[in-house]
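Residue numbers (this note's numbering), protein chains in the order written: chain A, 1 to 498; chain B, 1 to 246.
Mixed in with the good hints, there may be bad ones.
Claimed, not checked - Cut-off 27 Å, straight-line C-alpha distance, at most; resulting in silico cross-link-like pairs (BS3-like, lysine-lysine):
#1 K65/A x K208/B
#2 K65/A x K230/B
#3 K497/A x K223/A
#4 K223/A x K65/A
Hints in this document: simulated from the structure, not taken from any laboratory.
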Amino acid sequence: MAKEEFQVPEVREHLEIPPVVEGAMAHSQPFVAAADHQSLLGYPEELVDGWEDKAVEKMGEMARKYRSFRVFLDACVKCGACTDKCHYYLGTGDPKNMPVARQDLLRQVYRRYYTLGGKLFPGLVGAKDMSKEIFDDWYRYYHQCSQCRRCSVFCPYGIDTAEISMAAREIMDSVGLGQKYCNEIIGKVHKIGNNLGLPLPALEDTMEGLEEDVEEDTGVAVKYPVNVEGAEVLLVTPSADFFAEPHVDGLIGYGKVFHQAGVSWTVSSHASEAANFALFTGSYEHMFKISNRIREAALELGVKRIVFGECGHAWRVAYSFLNTLAGPWDFLDPRYPVPQHIMEFTYDLIQRGGINLDPEANDDKVVTVHDSCNVARASRMGTRPGDQFAYPRAVIKASVNRFVEMDPNTTMEATFCCGGGGGLLTDDLMELRVKGALPRMEALKEVVERDGVTHMAAMCAICKSQFTKVLPYYGMGMDMVVSVHQLVSEAIQLGTKD
Amino acid sequence: MSLVTVAYAVAFYLATIILVGGLIYRIREYATVPSPLKIPTMPAPLTPMGAFWRVVREVIFFESLFKSNKWIWIFGVLFHAGLAVVLIRHLRYFIEPVWFWVVLIQPFGVYAGFAMVAGLFGLWGRRVVVDRVRYISSPSDHLMLALLVAIGISGLIMRYVTRTDVIAVKAFFMGLMRFDWQPLPTEPVLLIHLGLVVLLMVLFPFSKLLHIPGLFFSPTRNQWDNAREKRHLATWAAPMDAQRDT
Ligand code: SF4
Ligand code: SF4
Chain A
1 MAKEEFQVPE VREHLEIPPV VEGAMAHSQP FVAAADHQSL LGYPEELVDG WEDKAVEKMG
61 EMARKYRSFR VFLDACVKCG ACTDKCHYYL GTGDPKNMPV ARQDLLRQVY RRYYTLGGKL
121 FPGLVGAKDM SKEIFDDWYR YYHQCSQCRR CSVFCPYGID TAEISMAARE IMDSVGLGQK
181 YCNEIIGKVH KIGNNLGLPL PALEDTMEGL EEDVEEDTGV AVKYPVNVEG AEVLLVTPSA
241 DFFAEPHVDG LIGYGKVFHQ AGVSWTVSSH ASEAANFALF TGSYEHMFKI SNRIREAALE
301 LGVKRIVFGE CGHAWRVAYS FLNTLAGPWD FLDPRYPVPQ HIMEFTYDLI QRGGINLDPE
361 ANDDKVVTVH DSCNVARASR MGTRPGDQFA YPRAVIKASV NRFVEMDPNT TMEATFCCGG
421 GGGLLTDDLM ELRVKGALPR MEALKEVVER DGVTHMAAMC AICKSQFTKV LPYYGMGMDM
481 VVSVHQLVSE AIQLGTKD
Chain B
1 MSLVTVAYAV AFYLATIILV GGLIYRIREY ATVPSPLKIP TMPAPLTPMG AFWRVVREVI
61 FFESLFKSNK WIWIFGVLFH AGLAVVLIRH LRYFIEPVWF WVVLIQPFGV YAGFAMVAGL
121 FGLWGRRVVV DRVRYISSPS DHLMLALLVA IGISGLIMRY VTRTDVIAVK AFFMGLMRFD
181 WQPLPTEPVL LIHLGLVVLL MVLFPFSKLL HIPGLFFSPT RNQWDNAREK RHLATWAAPM
241 DAQRDT
C-alpha cells in the first residue's frame, strides 16, 4: 500500500474525540492466511462448509472455557464510557472501533443463539443471525484491535475487548479464516524457533558480528553467546533484537549489562523468540506449544534463570502465563522470579551498585518514555504494583540526565498502544497503523515542542518497529525511537567493574 | 379476594422465583466457567484481600467509571445511590416492626427518588445526544431506561399526587410473605408501579442487569496478581499440560 492512499490524521494540540463516521475503516483488513499456513497450525485450509453453524458452536465452546468471554458478553450495559478510549477510534472515527461496538459485533450473534432475549426478541436486543456480512465485519474489525486493554481500565466492569478479539480470531481460525501475518509467524516459530525463521547459523553469525562491533567500539570483549550449556541465564528476547534498528542496540545493551554483572548468559536457537503470537490469535494450544519451547531450551541448556528482553506482548505471556503454560520452574534457581525482565535485572544491579552508568554519555538527548500497553496493563515488574512504570523510569534516569514525561493521560496505566500491537504490525494494515498511532504522536509532539524531547524510549519490539515506521508520517524522524537498554548501553562504563 | 389481588400475588411469587432462580443459575454458571489464565487489569493488587477491596471500590464508588467519564459517573451515581436508598426505604413494607435505621432513612428516601429519576434522565439524554452512545444503543437500552423511569415516576406520583393507602400495601406484602393474602388497593398508579416492578424482576436474569453479578465475576477486577508465584491450570488445559515429556 502506498503512502498516498490515505490521509494522515492531523496532529492537534489536545486530544479530541472525533465524530462518528460510519464505515470509515470498512475497507481495512489484513491478508488472509494461505492454505498451507492454516494447515500447519491444524486449522481448516479455507472457510469450511457450514461455517456459520460451526462458528456459532465454537462460540459456545469459548463461553464454556473462558469466564472472561462469558461474563463480558453479558455484563456490558452500553454505558459508553469506553467509546472514546480506543486509539483506533480516536484515529479513525469508525464507530466499530469503539470497544463496546467491537464487542457488539460478536455479542449480537451470541445473543441470537445463546440468550433468551435474543432468541425471542432479536430486534429488540440487537441480536442477529450469523451471516457473511457479520463475519466479514469480524475479520475487519477484530483485526483493528491491538488487544492493548486500554478499554478494560476504563470500563466499570473491567470488560476487556482484547479477550473478545482473541476469542473472535480463534473462532475464525477454527472455521478456516486466518490472518496471514500471525499464522505464518506462528508456523515459523513451531518449525524454526523464531518469528523470522532465522536458523542457527544466521543467529550465530549475527551474534558474532555483535561481538566484533562492540569490541571495536569499546575495546572490551563482550560475549554474545548462543546455545551455551551451563550458562547461568537463558535470555529470551524478541527476534527483531537480532537485526532490526533500534532493537539490536538494546540487545547490545543487555550483553554489556550481563558482562558488567559478571553473569554468564546465552540465547537458545530452540527458543530464539520471546514474542508469542498465539496470544494474538487467542489460541491456548499454540501459546502453550511456543511457551514450552522455552522450558525445553532451559532444561536442555541447564540454565538457572530465565530473563526476557524488551517486548510487551512477550512479557505479558512471560509474566502472566508462562508459569501456567510451561511451569513449574522448580529446576531453576528459586532465589529469582521466573521469568525475570531484563529491566528488573538491570534495576537490581543499579540498586546494588553493580553497574557503572554515566548519564553524561546521553547528554545529546532529551528522553521521554512510551509505556508499552502490555507491560503497563497486562503484566508487572518488580515487587509492587506499578513497578512496571517505576523500573523503566529508574533505569532510564540512571542512564540519562534529561528525562521528560508525556501527558499523564497517555502514560502508565492510561498509556496508548503504539498502534501496531496485537498482530497488526504488517504492511497490509499500514493505514490503520498510522491512524492508530495518532494519540501517541500527539502526546509526543507536545513534549517535542515544549521540552525539546529528542528521543522516545520504548521497551517493546512491536513498539520500536511500529514507531520507526509511522514517525515519518507525522513529520518526525524514525530514529527518535530508542531501546531502553540502548540508553544503558551508551551510558555503561565497561571495564570499570572487571 | 379480588381478581387484582390474586393476579398480583401470583405475579410477585412467579417473579421472585424467576429472579432468584435465574440469578442462582447465572451465578453458578459464571462460577463454574474456568478462568484459564491470569488476566487482572494491571496494576492489580497482589493479595486476595487487595482484589476484594478493588471490587468493593468498583461497587461502591464506581472507581473505573470515575477515571473514564465524569458525566456518566455523576448520572450513574445519582441513579444507583438513589435507587439504593429507595430500596432500603421500601424495606418498611416487608418488615414489622420497622428497623430503626430504616425509619431514619425515610425522609431521605424521597430525595433519593428524585435523584434516581434525574440520574436516569441524564443517562438517557446521553444516549440521545452523544453520537457515540447513540450508535451503541439498541431499543432494549431505551426500554430499560423507560421502565426504570416509569417505576420511579409512578412511585413519586404516589408520594406527591395521589394518596396511596400504604398501610394496606404493607398488609398485602406482609401477607404475601406469610402466605396469608390480604387485599391490594386497586389504585391505578399503584398497580402500574407494581406491575412494572414485576416486569423488572423477571427481566433481571435475562438482561444487561446481569452487570451486577458480572462485576463480581469479572476476572480483570477480581483476580490478584500472583502469576509468577502460582500456576493457574484450568481443568480443560490439564491434559495438555500432563502430556509434556519434560
Ligand atoms: S465501558 Fe464497559 S459497560 Fe460501558 S459500554 Fe464500554 S464495555 Fe460496555
Ligand atoms: S483492546 Fe485496545 S485496541 Fe482493542 S478495543 Fe480495547 S482499546 Fe481498542
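For each hint, the structure was consulted:
no.	hint	in the structure
1	K65/A x K208/B	holds (21 Å)
2	K65/A x K230/B	holds (20 Å)
3	K497/A x K223/A	holds (16 Å)
4	K223/A x K65/A	violated (45 Å)
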